[in-house]
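Engineer: Now for the letters of each chain:
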Amino acid sequence: MVSRDQIETVLGRIRPLMQADGGDIVLVDVRGNNAHVRLTGMCAGCPSAHMTLYMGVEMALRDEIKEFEELVVV
Amino acid sequence: MRTPGSFSPDNVVVGHSARMRAIFDFVKVVSKSDSSVIITGESGTGKEVIANLLHHSSSRRHQPFVAVSCALFSENLIETELFGHERGAFTGAIKDKPGRFEMAQGGTIFLDDIDDVPLSMQVKLLRAIQNRTVERVGATRSISVNVRVITGSKRDLRRMVAEGNFREDLYYRLNVLPIVLPPLRDRREDIPVLTDFFFKRFARTRGIDAPAVSPAVRYAFSRYRWPGNVRELENACERIVQTCTCGTVRAGCLAAGVLFGAADPAPGAVAAELTAAEPVGVSLDDRLLEVESNLIAWALKVSDGNKSRAAELLSIKRSTLGDRITRCGLQEAPPQADVAGDMAAVEELPRLAASA
Numbered sequence: 001m002v003s004r005d006q007i008e009t010v011l012g013r014i015r016p017l018m019q020a021d022g023g024d025i026v027l028v029d030v031r032g033n034n035a036h037v038r039l040t041g042m043c044a045g046c047p048s049a050h051m052t053l054y055m056g057v058e059m060a061l062r063d064e065i066k067e068f069e070e071l072v073v074v
Numbered sequence: 001m002r003t004p005g006s007f008s009p010d011n012v013v014v015g016h017s018a019r020m021r022a023i024f025d026f027v028k029v030v031s032k033s034d035s036s037v038i039i040t041g042e043s044g045t046g047k048e049v050i051a052n053l054l055h056h057s058s059s060r061r062h063q064p065f066v067a068v069s070c071a072l073f074s075e076n077l078i079e080t081e082l083f084g085h086e087r088g089a090f091t092g093a094i095k096d097k098p099g100r101f102e103m104a105q106g107g108t109i110f111l112d113d114i115d116d117v118p119l120s121m122q123v124k125l126l127r128a129i130q131n132r133t134v135e136r137v138g139a140t141r142s143i144s145v146n147v148r149v150i151t152g153s154k155r156d157l158r159r160m161v162a163e164g165n166f167r168e169d170l171y172y173r174l175n176v177l178p179i180v181l182p183p184l185r186d187r188r189e190d191i192p193v194l195t196d197f198f199f200k201r202f203a204r205t206r207g208i209d210a211p212a213v214s215p216a217v218r219y220a221f222s223r224y225r226w227p228g229n230v231r232e233l234e235n236a237c238e239r240i241v242q243t244c245t246c247g248t249v250r251a252g253c254l255a256a257g258v259l260f261g262a263a264d265p266a267p268g269a270v271a272a273e274l275t276a277a278e279p280v281g282v283s284l285d286d287r288l289l290e291v292e293s294n295l296i297a298w299a300l301k302v303s304d305g306n307k308s309r310a311a312e313l314l315s316i317k318r319s320t321l322g323d324r325i326t327r328c329g330l331q332e333a334p335p336q337a338d339v340a341g342d343m344a345a346v347e348e349l350p351r352l353a354a355s356a
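In order, the protein sequences belong to chains E and P. The working numbering numbers the first residue of the first sequence as 1 and each following residue consecutively. The working numbering numbers the first residue of the second sequence as 1 and each following residue consecutively.
One or more of the hints may lead you astray.
[Claimed, not checked] Cβ pair distances, simulated, as ranges: (1) E:Y54 <-> P:N235: 17 to 25 angstroms; (2) E:P47 <-> P:F90: 36 to 44 angstroms; (3) E:M59 <-> P:K307: 39 to 47 angstroms; (4) P:P64 <-> E:A44: 32 to 40 angstroms; (5) P:S43 <-> E:Y54: 23 to 31 angstroms; (6) E:V28 <-> P:N235: 28 to 36 angstroms; (7) E:E64 <-> P:F24: 23 to 31 angstroms; (8) E:D5 <-> P:T326: 38 to 46 angstroms; (9) P:N165 <-> E:H36: 51 to 59 angstroms.
I should point out that these hints are in silico values taken from the structure, not numbers from a laboratory. For glycine and all other residues, C-beta sits at the position ideal for the given N, C-alpha and C.
Pulled out of the complex, with its shape left as it was, chain E reads as follows:
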């Protein structure tokens, strides 16, 4: 079971840059070993941003948290 804190620590690393551009990545929910996140702000409507962040952030989470399974963008 992954904890909210573990995920927030990883997200927190890229958050300052996202926020500097008027956006954010919000951790909505943690269910089991999956995390539900939402993009907000400037990049929320951009399909490319969803794609790149979805893949990259999921990879980073898997790298850093062994039991992490899936990132769901809601």
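Got chain E sorted already, so can you dock chain P onto it with the hints?
Structural biologist: Below, chain P without anything else, positioned relative to chain E:
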């Protein structure tokens, strides 16, 4: 086989860094000569660009430029690639085939990845370069070639010589005019110029205006390590231009790898240090001084060095700013001012947004 494509010297970005300007000045000088040049640099630093530039600034520019990566071929194939073969020399050799050296007749041959050439081939290469003749595989006669030889290597050949993996005689034959290309992370001051250039170029091919670039993106680019060097930056820019839907490049457009790479040392790392099982000392004064000098550098940069204006931006007195500049050792224009400035701008932005 790599073709020079549509190389134009106008498509070469020099950059601001002293190292690159020195390299381009050197290229101008050595393009007049016919001596061997060896270009050493990590993958993606622009070895082929420099080789192209050398050829196109030389008197051979109307003759062929042949670039070939020696890493592409197996030990047996490389000889037929470089020197060609006669019909019937081996199974499948159904007709005569000229090698790369012959194809470059009168011009320049660029042998990239020379460090991947096996020792057995090195001796043949040495003979060809020394005698300026090549023998096709299976042929009995030599063909004389007038070719300028430029080699590229990602490893330090001198070290390979010392380790016995590269022939000393070939090394000295090739290493007449050495050019060493620095990795992109060692010339970060060139990143903004290169970024703008690539965005403009890819936007033009897509038929759109060059996108605006946010300070956060510039900051991330200036902090990221770029292990793939200029090629990686170029690809990052291409991907962004092809996928951008809003006309402005923002942090969300970046590959997460760049975002995470730029965040290193992570803000979380500080927290990790503080929560580590074995307590690690953190100097509060040093950290504060770091933040202070970043903000001051940023203020001075955006106010074009006007200290009164900078003091106003930082909500401190003009005289206080003077003291703090001295304390932070910012008297001289810091070489990292750009980076520090952008970083400060990034730190500043969320606060501005929050207070708005």
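Engineer: Look at each hint and say if it fits the structure.
Structural biologist: Hints, one by one, checked against the model:
no.	hint	result
1	E:Y54 <-> P:N235: 17 to 25 angstroms	holds, 20 angstroms
2	E:P47 <-> P:F90: 36 to 44 angstroms	violated, 53 angstroms
3	E:M59 <-> P:K307: 39 to 47 angstroms	holds, 46 angstroms
4	P:P64 <-> E:A44: 32 to 40 angstroms	violated, 52 angstroms
5	P:S43 <-> E:Y54: 23 to 31 angstroms	holds, 28 angstroms
6	E:V28 <-> P:N235: 28 to 36 angstroms	holds, 32 angstroms
7	E:E64 <-> P:F24: 23 to 31 angstroms	violated, 42 angstroms
8	E:D5 <-> P:T326: 38 to 46 angstroms	holds, 42 angstroms
9	P:N165 <-> E:H36: 51 to 59 angstroms	holds, 53 angstroms
When held up to the earlier numbered hints, the structure conflicts with 2, 4 and 7 and fits the remainder.
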